[in-house]
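Protein chains in written order, with the numbering used here: chain A, 1 to 160; chain B, 1 to 160; chain C, 1 to 160.
By construction, these hints were calculated from the structure, which means they are not laboratory data. Don't be surprised by glycine CBs; every beta carbon is placed ideally from N, CA and C. There could be a bad hint or two in this list.
What the hints assert, rightly or not - Below, computed lysine to any residue pairings styled on SDA-like, alpha-carbon distance capped at 25 Å: (1) A:Lys-81 x C:Met-65; (2) A:Lys-90 x C:Met-87; (3) A:Lys-132 x B:Met-69; (4) A:Lys-97 x C:Met-87; (5) A:Lys-132 x B:Ala-101; (6) B:Lys-59 x C:Met-65.
Stated by the list, open to error - Some chain C residues close to chain A (C-beta under 10 Å, calculated; not the full set): (7) Trp-44; (8) Tyr-84; (9) Val-95; (10) Leu-96; (11) Leu-128; (12) Gln-131; (13) Ile-139; (14) Tyr-141.
Unchecked claim - Covered, in the sense of this in silico footprint (three residues per stretch, anywhere, with C-beta under 8 Å from a C-beta of chain C), are these stretches of chain B: (15) 32–46; (16) 50–59.
Chain by chain, the residues:
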Amino acid sequence: MVEQKEGTTIVLFSGEMDKAIAAFIIANGAAAYDHEVTIFFTFWGLNALRKDEPVKLKKGWLEKMFGRMMPRGPKKLGLSKMNYMGMGPKMIQHVLKKHNALTLPQLIELAQEQGIKLVACTMTMDLLGLQKEELLDGIEYAGVAAYLGDASQAKVNLFI
Amino acid sequence: MVEQKEGTTIVLFSGEMDKAIAAFIIANGAAAYDHEVTIFFTFWGLNALRKDEPVKLKKGWLEKMFGRMMPRGPKKLGLSKMNYMGMGPKMIQHVLKKHNALTLPQLIELAQEQGIKLVACTMTMDLLGLQKEELLDGIEYAGVAAYLGDASQAKVNLFI
Amino acid sequence: MVEQKEGTTIVLFSGEMDKAIAAFIIANGAAAYDHEVTIFFTFWGLNALRKDEPVKLKKGWLEKMFGRMMPRGPKKLGLSKMNYMGMGPKMIQHVLKKHNALTLPQLIELAQEQGIKLVACTMTMDLLGLQKEELLDGIEYAGVAAYLGDASQAKVNLFI
Chain A
1 MVEQKEGTTI VLFSGEMDKA IAAFIIANGA AAYDHEVTIF FTFWGLNALR
51 KDEPVKLKKG WLEKMFGRMM PRGPKKLGLS KMNYMGMGPK MIQHVLKKHN
101 ALTLPQLIEL AQEQGIKLVA CTMTMDLLGL QKEELLDGIE YAGVAAYLGD
151 ASQAKVNLFI
Chain B
1 MVEQKEGTTI VLFSGEMDKA IAAFIIANGA AAYDHEVTIF FTFWGLNALR
51 KDEPVKLKKG WLEKMFGRMM PRGPKKLGLS KMNYMGMGPK MIQHVLKKHN
101 ALTLPQLIEL AQEQGIKLVA CTMTMDLLGL QKEELLDGIE YAGVAAYLGD
151 ASQAKVNLFI
Chain C
1 MVEQKEGTTI VLFSGEMDKA IAAFIIANGA AAYDHEVTIF FTFWGLNALR
51 KDEPVKLKKG WLEKMFGRMM PRGPKKLGLS KMNYMGMGPK MIQHVLKKHN
101 ALTLPQLIEL AQEQGIKLVA CTMTMDLLGL QKEELLDGIE YAGVAAYLGD
151 ASQAKVNLFI
């Protein structure tokens with residue numbers, strides 16, 4: 001009898017810094033306990049994977065507009081509460097550093113070092129006009145079927 | 001030894017179009033992989049099940065007000081991000097059609113065709129003053145106990 | 001062969017009354033079915049555990065500000081939808097009482113009576129400057145590792 005592998009999957013749907021931090025803290029914790037961990041980035045969650053700098057790409061009008069209006073990378077995300085026109089995220093980053101806790105970019109780096117599978121949802125990339133060149137290097141690309149395959153094998157499955 | 005049935009349950013609490021789309025894409029994907037799938041609609045998620053047209057019903061003052069203020073059906077839901085006074089949902093619908101992806105009403109239809117169990121939470125229906133006549137035909141009605149029964153049997157349980 | 005214990009865990013990340021009510025209804029339902037239930041309060045979810053009255057404590061400037069700006073206890077939480085500057089929560093509380101449903105403070109009390117493990121996330125308590133004296137009596141304190149331990153044993157794991 002083969003024992004079921006311990007696994008954890010997280011769908012990161014939300015594009016807010018506090019939710020992304022929670023997702024990565026759980027994911028990094030699970031990886032430290034030797035779980036196989038997948039984070040599946042879809043909809044606004046994809047913004048956490050964007051590179052800081054704009055990438056020159058051929059895009060239609062609507063895709064360009066989406067690209068400009070959505071936050072570019074983990075440092076630019078807002079908060080789900082107490083955002084105060086962008087003051088909130090600055091306060092949270094200040095507080096994280098004061099407590100020697102990892103900031104979101106550092107949590108993402110740690111996740112990659114720990115071998116956490118970061119998967120960008122190709123369907124929502126299409127919808128929002130995001131292209132591979134704009135996203136972090138070293139991530140995977142897949143659809144909902146791949147997510148469901150991982151989730152069926154995992155014990156802990158969260159939607160954030 | 002009886003093998004555990006593959007199952008997926010989703011609590012749809014949120015009343016936003018993007019979250020409902022994500023819920024139905026995951027649910028329809030899981031059903032395509034032969035999972036038993038249940039979506040349990042509670043609180044604002046119930047609005048995704050409302051019929052487009054108002055239904056004449058005897059209601060108290062507060063129930064009438066809730067009924068008027070909440071979005072009537074899947075086409076009227078807002079977005080959790082970039083709603084822009086209702087422009088956002090129109091853009092998303094445009095983009096879905098452009099990419100030959102299913103819109104929310106189509107995803108709901110597909111879910112019913114695939115035999116996904118759509119369950120309206122009777123307790124929150126009471127609270128919000130929603131009656132069966134106002135909701136989609138062919139759905140089920142149950143409470144949290146029924147949800148927990150399904151969730152205990154399922155591998156993938158999400159709260160959206 | 002040892003049978004797997006039925007367990008349910010909920011991460012309560014959100015600080016809104018409607019989401020906290022949903023979390024406690026599911027948790028209390030699961031406890032009634034004899035599940036081992038843990039609610040792990042993190043980020044804004046911690047506000048549901050705060051005492052109604054301010055507690056005199058030595059705090060830094062930023063911690064004091066967080067303490068003042070965040071809602072103090074379950075009666076002060078807003079709604080995720082239709083908050084209307086605080087009118088919404090009052091309407092929901094009115095509707096709960098009208099239907100003889102439990103209000104959030106009553107749901108929390110019931111959870112404690114049923115032996116549901118209420119765990120405050122120590123890491124986010126630090127970040128938000130919340131101290132044990134400000135939170136409900138009889139709760140536990142732990143980090144993400146303890147949560148993951150419980151979640152790995154549970155069948156139903158939700159992030160709310």
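Against the earlier hints, flag every one the structure doesn't satisfy and list their numbers going up. Structure breaks hints 2, 3, 4, 6, 8, 9, 10, 12, 13, 14 and 16.
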